[in-house]
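Participant: Sequence:
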Amino acid sequence: MTYNQPKEFIAGTYRLPIGSITYVMGILNVTPDSFSDGGVFFSVETATRRAGEMIRDGARLIDIGGESTRPGHNPVDGKEEIRRVIPVIKRIVEFAEVPISIDTSKAEVAEEAMKAGASVINDVWGLRREPDIARVAAESHSGLIIMFNNRERNSDESAQDIVSDAIDYLSKSVDIALRAGVKDNSIMIDPGIGFGMSHRQSFALIRGIPTLSRLGFPVLVGPSRKRFIGAALGNAPVDHRDIGTVAVSCLSAHLGADVIRTHNVRYAIEALSVTDIISKKHELEED
Numbered sequence: 000m001t002y003n004q005p006k007e008f009i010a011g012t013y014r015l016p017i018g019s020i021t022y023v024m025g026i027l028n029v030t031p032d033s034f035s036d037g038g039v040f041f042s043v044e045t046a047t048r049r050a051g052e053m054i055r056d057g058a059r060l061i062d063i064g065g066e067s068t069r070p071g072h073n074p075v076d077g078k079e080e081i082r083r084v085i086p087v088i089k090r091i092v093e094f095a096e097v098p099i100s101i102d103t104s105k106a107e108v109a110e111e112a113m114k115a116g117a118s119v120i121n122d123v124w125g126l127r128r129e130p131d132i133a134r135v136a137a138e139s140h141s142g143l144i145i146m147f148n149n150r151e152r153n154s155d156e157s158a159q160d161i162v163s164d165a166i167d168y169l170s171k172s173v174d175i176a177l178r179a180g181v182k183d184n185s186i187m188i189d190p191g192i193g194f195g196m197s198h199r200q201s202f203a204l205i206r207g208i209p210t211l212s213r214l215g216f217p218v219l220v221g222p223s224r225k226r227f228i229g230a231a232l233g234n235a236p237v238d239h240r241d242i243g244t245v246a247v248s249c250l251s252a253h254l255g256a257d258v259i260r261t262h263n264v265r266y267a268i269e270a271l272s273v274t275d276i277i278s279k280k281h282e283l284e285e286d
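Reminder that position 122 of the sequence shown reads as 121 in numbering that gives the first Met the number 0, one-by-one numbering, no gaps.
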């Protein structure tokens with residue numbers, strides 16, 4: 000099933016026009032064990048300062064997570080996740096004029112985050128673990144990002160069917176959201192690059208962005224510093240993957256991605272400003 004492409008993404012009181020520019024979502028991990036920046040922004044003070052830096056660099060959304068989603072991470076319960084993220088959200092919404100997103104797959108965490116001032120729920124399990132997240136999104140009128148997650152699925156490592164798998168998964172998750180009362184213009188989809196898939200499959204999903212866009216929802220892509228980029232760069236370590244991330248981000252935008260989720264906001268903003276002109280999302284103003 001396909002839907003008419005919304006002209007804007009609505010998250011609480013925020014309205015982001017779709018198609019005019021590629022938005023950048025800054026990643027803020029309030030965790031001790033995330034694969035890229037675990038422990039770096041674990042205190043309220045450092046997390047708040049980092050959010051301010053990313054907003055000044057041009058981030059139009061900030062995504063706050065209190066539980067690592069890297070392979071082999073240590074799970075935390077809802078109470079601990081709430082303890083980590085809620086004080087940070089409350090501090091950031093005091094000055095931020097951009098939507099704050101909570102990166103969680105727990106309905107209780109999402110609910111508390113909405114009460115604290117967040118306006119987007121980013122669920123990396125696409126409503127499959129806790130469908131009640133859709134109810135929270137509907138009742139709070141928040142934006143909802145639904146991700147395709149290939150972990151715990153029985154699929155081979157070929158790239159042939161991964162785009163079809165993503166479309167099937169996302170279509171079913173979107174139906175869960177719509178039945179719960181989430182408006183179609185408050186839904187965004189994410190192909191879940193790197194989640195339970197081979198490097199070849201990750202690149203296939205990037206090439207498949209135009210097909211994913213036909214579902215009729217804005218597309219978010221989160222390639223930042225992931226292993227498939229490291230593999231393409233000769234097994235480069237995490238802190239040497241920013242340029243590769245920029246390359247994937249720009250090509251994703253050119254192929255139709257509407258939001259890029261990244262750690263290095265400044266690099267993304269500068270590169271996407273040029274990419275958007277090439278892609279004719281907007282024109283260059285002459286002197």
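Quick caveat, the hints were computed from the structure, so don't treat them as lab data.
Do not take every clue at face value.
Result set (BS3-like, lysine-lysine): computed pairs, CA atoms no more than 30 Å apart in a straight line [as the list claims (entries may be wrong)]: (1) Lys171 - Lys114; (2) Lys171 - Lys182; (3) Lys78 - Lys279; (4) Lys279 - Lys6.
Restraint-style ranges between C-beta atoms, simulated for each label pair [claimed, not checked]: (5) Pro16 - His140: 13 to 23 Å; (6) Ala231 - Asp183: 12 to 22 Å; (7) Lys182 - Leu232: 32 to 42 Å.
Even for Gly, the Cβ is constructed at its ideal location relative to N, Cα and C.
Participant: For which of the previously enumerated hints does the structure constitute a violation, in increasing order of number?
Facilitator: 3, 6
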